[in-house]
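Enquirer: All chains, full assembly: derive it from the sequences and hints.
Residue numbers (the working numbering), protein chains in the order written: chain A, 23 to 172; chain B, 40 to 144; chain C, 64 to 250.
Since the hints were derived computationally from the structure, they do not count as laboratory data. As the structure is a prediction and not an experimental result, all values here were calculated from the model. Positions of the beta carbon are idealized from the N, C-alpha and C atoms, including for glycine. Heads up, a few of these hints could be off.
[As the list claims (entries may be wrong)] Here are some chain A residues pointing at chain C (derived, C-beta under 7 Å): (1) Met47; (2) Leu50; (3) Asn55; (4) Gly169.
[As the list claims (entries may be wrong)] Sample of chain A residues facing chain B (criterion: CB under 7 Å; computed from the structure): (5) Glu112; (6) His113; (7) Ile147; (8) Leu149.
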Amino acid sequence: MTPLFQNFLLGHILFGLLATVSSVMVFLGLVKNAGFQKIRINSLVGVLGFFISWILGGYYYVNFYGQQVKPAIKSGNYPWAHGIFMETKEHIFLFLPFLSLVLALLVWFLKNEVNKNSRLKKAGIFLAFMIIVLAVSVTFMGMLISGAVK
Amino acid sequence: MEKKIKIVRAASLGAIAAAIFIAASTVMAELFAPFKDFLKEKFSHHWVGKSVLALLIFLTVSFLGYFILKKSGIDSLPRILLILGLTAVFGSFLILGFFIYEYLK
Amino acid sequence: MDWYSVLVSGHIIGTALGVGGATISDYLFFKSVKDGKITAGEFSFLKAVSKVLWLGFLILVFSGLGLLFLWRLNAGAGELVFSSKFLAKMTVVSIIFFNGLLMHWKVFPLFEAGLNKPLNSEGFSKKIPLVYSTGVISIVSWYSVMLLGSWREMRFSYPVIMIFYVFLILAGLVMARFVVRKIIFKK
Numbered sequence: 023m024t025p026l027f028q029n030f031l032l033g034h035i036l037f038g039l040l041a042t043v044s045s046v047m048v049f050l051g052l053v054k055n056a057g058f059q060k061i062r063i064n065s066l067v068g069v070l071g072f073f074i075s076w077i078l079g080g081y082y083y084v085n086f087y088g089q090q091v092k093p094a095i096k097s098g099n100y101p102w103a104h105g106i107f108m109e110t111k112e113h114i115f116l117f118l119p120f121l122s123l124v125l126a127l128l129v130w131f132l133k134n135e136v137n138k139n140s141r142l143k144k145a146g147i148f149l150a151f152m153i154i155v156l157a158v159s160v161t162f163m164g165m166l167i168s169g170a171v172k
Numbered sequence: 040m041e042k043k044i045k046i047v048r049a050a051s052l053g054a055i056a057a058a059i060f061i062a063a064s065t066v067m068a069e070l071f072a073p074f075k076d077f078l079k080e081k082f083s084h085h086w087v088g089k090s091v092l093a094l095l096i097f098l099t100v101s102f103l104g105y106f107i108l109k110k111s112g113i114d115s116l117p118r119i120l121l122i123l124g125l126t127a128v129f130g131s132f133l134i135l136g137f138f139i140y141e142y143l144k
Numbered sequence: 064m065d066w067y068s069v070l071v072s073g074h075i076i077g078t079a080l081g082v083g084g085a086t087i088s089d090y091l092f093f094k095s096v097k098d099g100k101i102t103a104g105e106f107s108f109l110k111a112v113s114k115v116l117w118l119g120f121l122i123l124v125f126s127g128l129g130l131l132f133l134w135r136l137n138a139g140a141g142e143l144v145f146s147s148k149f150l151a152k153m154t155v156v157s158i159i160f161f162n163g164l165l166m167h168w169k170v171f172p173l174f175e176a177g178l179n180k181p182l183n184s185e186g187f188s189k190k191i192p193l194v195y196s197t198g199v200i201s202i203v204s205w206y207s208v209m210l211l212g213s214w215r216e217m218r219f220s221y222p223v224i225m226i227f228y229v230f231l232i233l234a235g236l237v238m239a240r241f242v243v244r245k246i247i248f249k250k
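Expert: In structure tokens form, the structure reads like this:
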């Protein structure tokens, strides 16, 4: 793997992780009624992180994974790592930037309403939690895929 | 305030539409080769095609949602956000289940 | 120092902070409730320890993924990733994570609402199983992760490891219930 693709893969992982951590901070901030400044900044980091991870991962996927990695996995001991988990991961990941964008808009534009309206707050918490669950799932799938490369 | 509620609601609807498209196009591309070929042709890779189209659908539906939807208070927003979260989760299970089925077939 | 050494050191530090944090947290909880209530000072300590725990968890996750990335680049990570020990470790790490979220979501607000109030009140006593359950899951999980990481010769299958883990959780729950009844409810 050339240094360029190494950096793109590493960037994809790091920005994805950063976005996940930020989403966790938003979740915790909402459940603990933390200051909205913190929640807002974390939501923004979450959106940016997922979008950057999307671009970096996409470049790596289209230009390197398909040609070099996929055949190696499919001919190796764990072909299902591509057939099931990579195929799933590359599509599930696409939900994350949109979900995180909506969450960011919610906490940026409607912070007072979120504070006052318990139904809206619960909905925000639920959305943040869904982002976390999907992001963690995608991370585990990525680990399995990495492990399957000969 | 009305504007801000409309923005969040419109973006939520856009995200729901994008999520439905992502799940549906994933399944469709595997079952219907011409669709996958169309994406490859227009966008050089089927996944890039799905990404770009999902983004376009999000922007279009959000835009339309902002200008077309009638005024309504904040009361509808929790339900829309819930639907968004559930759409993403069900979409994920659909995609996972589909690829497990395809692999085992 | 090469990246591998940095990441391994980070992984050890993360585990130490997590195991230490979970141990101190549970010890502090049982010490706090001996007098039948949690004071603001005691709760403040619990929150501080919780922050250290989360820091440990973050370091663990980042360094762990860093190590996996290094293996992926250099020698391939198949043997590791698909080993029953690693899969069990990842299962338990996820449990630590979601248990931690649950603690902050449900348990900490419970403490905050009940500061300086009797813990054997009807309202709190109904929710106490949640409190000690999350505590037990936290401490058993952290020690399990440490053991899974350090016990090189372990060759049990994934189901066997998980059965042991569940057994330890159940044993912990039974013990915690007994201790809580003795201390808080004086039965």
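Enquirer: Decide, hint by hint, whether the structure agrees.
Expert: Hint-by-hint comparison with the structure:
1. Met47: violated, 10 Å
2. Leu50: holds, 5 Å
3. Asn55: violated, 9 Å
4. Gly169: Where the cut-off is 7 Å and the nearest Cβ of chain C is about 3 Å from glycine 169 of chain A, the hint holds.
5. Glu112: holds, 6 Å
6. His113: holds, 5 Å
7. Ile147: Interface hint status for isoleucine 147 of chain A: violated (10 Å vs cutoff 7 Å).
8. Leu149: holds, 5 Å
Hints 1, 3, 7 from the earlier list are contradicted by this structure; the remaining hints agree with it.
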